[in-house]
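Chain by chain, the residues:
Number of protein chains: 2
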Amino acid sequence: MKFNINSRVLEKLLAKVLPVVPHKTPQPILENFYIVIKENKLLVYATDNEIAIKATSYINAEDEFEGVVPAKLLYEIVRSLGDEDIRFEASPDYKLKIKTDNGQYFLTYLTDVEYPVMTAPTKETKITLSGPELKRAFDLTTYAVSREPARPAMTGELLEISEEGVKFVATDGHRLIRYLYKAHESEPVQQYIIPEKAVTIMSKLFDEGEVNLYPDDTVLGVEIENVEMITKLIGHKYPDYSSVIPLDNEKSMKVNKNKLLSSIKRMLNFGATNFHQVKLTIYEDVLEISADDAEKGHRGVDKMPCEFNGETMDIAFNTSYLADVLTHIEGDEVIFKINLPTKAIIILPSAQKPKEELLTLIMPVRLNNG
Amino acid sequence: MKFNINSRVLEKLLAKVLPVVPHKTPQPILENFYIVIKENKLLVYATDNEIAIKATSYINAEDEFEGVVPAKLLYEIVRSLGDEDIRFEASPDYKLKIKTDNGQYFLTYLTDVEYPVMTAPTKETKITLSGPELKRAFDLTTYAVSREPARPAMTGELLEISEEGVKFVATDGHRLIRYLYKAHESEPVQQYIIPEKAVTIMSKLFDEGEVNLYPDDTVLGVEIENVEMITKLIGHKYPDYSSVIPLDNEKSMKVNKNKLLSSIKRMLNFGATNFHQVKLTIYEDVLEISADDAEKGHRGVDKMPCEFNGETMDIAFNTSYLADVLTHIEGDEVIFKINLPTKAIIILPSAQKPKEELLTLIMPVRLNNG
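Going down the list, the protein sequences come from chains A and B. Per this note's numbering, the very first residue in the first sequence carries number -13; after that it's consecutive. Per this note's numbering, the very first residue in the second sequence carries number -13; after that it's consecutive.
The list treats identical chains as interchangeable, and a pair is accepted whether it falls inside one copy or across any two copies.
Straight-line distance between alpha carbons at most 25 Å, and here's what the computed PhoX-like set of lysine-lysine pairs gives:
1) Lys85 - Lys251
2) Lys58 - Lys251
3) Lys218 - Lys112
Honestly, the hints are just simulated from the structure, not real lab data.
Bound-form chain A, shown alone (with noise of 0.2 Å):
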């Protein structure tokens, strides 16, 4: 087996099915790469057993090949390069001959090895986004999937097509992001749980031109360009999050976004220890925002313009939870859409784009002193 890569081509495909990878394992093979060459294309195949990725290029090639190489380290041989060409040789005593104009370097590969191979989606249903769209739809969400494994179903993201188009819901029981792309409306209702890693490796993989989504009852096949992946879904109920959005919350507070969350993360410092609480204590027209180290003795107070049609009420976070939420929500104001402070507040950007629908929900904490 021979072929000539150029190093830069190399590194981009390598980076795209390196991060499926697992770091430790107790089956050192998940470490490789699995390597194909055949009828002039190179396939790299890696898997953890719940995720399975295959990026393909193609090359003059030879012969064909067919053996598990170290991923990390031809990774980072790779990637040490400079931008040049590559020379790929097979020889028959297990080494494979990674040759440039000033080194050579000489990595064991194994054959003969059964690489894990998981279960193709049947692909009775496919959902075609472009990669930016699905990108986004994921960076506004997954940061609120919890990471708590007592509740599996919750520990990844929802995928949901609906009559309203491809819905985006993450929770973990303190804050729900829905984000509504409207688009490829269906009934009836499907719901598919992504895992959160496989949700962090997809978002990678997406540049511009279009992904092919394959859900079926148990994977979801993932296609973009010139890579294919296969990832587990996960098999539980996910909890019925439309009965916990409130639709009576009438009272409406704008702000501007910035000034907020840059009070917030000031706010950070002072609380105890474990738990930064911050009060929010809303009037007609001004915003205050407060947090106390009630052990230490230490407070601070800040103010800012807002507009609200209710009565000054008091509203208590955790500040951690409020600040992650104000960072994920675009643009210069959002509204806290609102009915009692102890109850589900709603925030929403001041604008929604064309075609998709942010929604975040946030529960209140109990004020410490009040």
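Go by the hints and put chain B onto chain A.
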């Protein structure tokens, strides 16, 4: 006590003092700034009992003040503000009020506390250097200071004043860096060992301007612009480093530094988990760099042109140490001065800057397979 100060001016002042504040200390008072206002000056002190620092700013203050204020909290609040005017007020109930156009922050302060004071240097010896010069001397050498507490003298950087000029020496037994700045020649030789933390903090203080150093038997005083610092010196005898520097390394190998460094970094990917060894095989006009992972059978070899006036030889190095050393030598080419492959190797920049002389010594290691 009342005074106004610009947020950016105060941030810059506090940023100089904050690095001295210890992260964890059995003496909680050290987590505070000691703040004194008198004669229209704001004085901010910090100490960890090894290093003490004071920064001064001129202000218009109505009264005098003296108290300790939480260091990190004050700094983070000031840093979080825009470029704006801040009003400080101390109230008799031990609250320091920090007021801006839109916010008020109340910090509990303490008075009547014994804030630790360090003995000032005698100022019998004074060395004046430019800030950038001194920073350069530290940047080129400090990385080789030992982290091994068993040999306390080597955990600091040696400042030696001699008839040749000012020398800065750092060594961890594997590498030794000697930087000579040809100024302030003096006899007899004086040696001062500055702890590594003090060197790091000093380096951050040096912008433009002159630095006055006042070393005495036990402490070093540092004055730069509006900052005064005192650090304890390490009271052990520095090893006789001169005797380690060979004078008979007559074989000389010149090579492109960036090419060599990039190869050495690539070789870090080969080799065993805990110990990375790289082999340099030096021919008359070719340098071969190689590394092996004997356990797994991977191997890397690079070749590049060199100029060598000796017989072909193999020398092995700890890969990380060699990479470190090359990273800290400037210029396009380096010269290896060699006697035997088992004895100390000297690495020099191919050209020295005026008034300075940088010498790097590195110990080879025993060849794994030879």
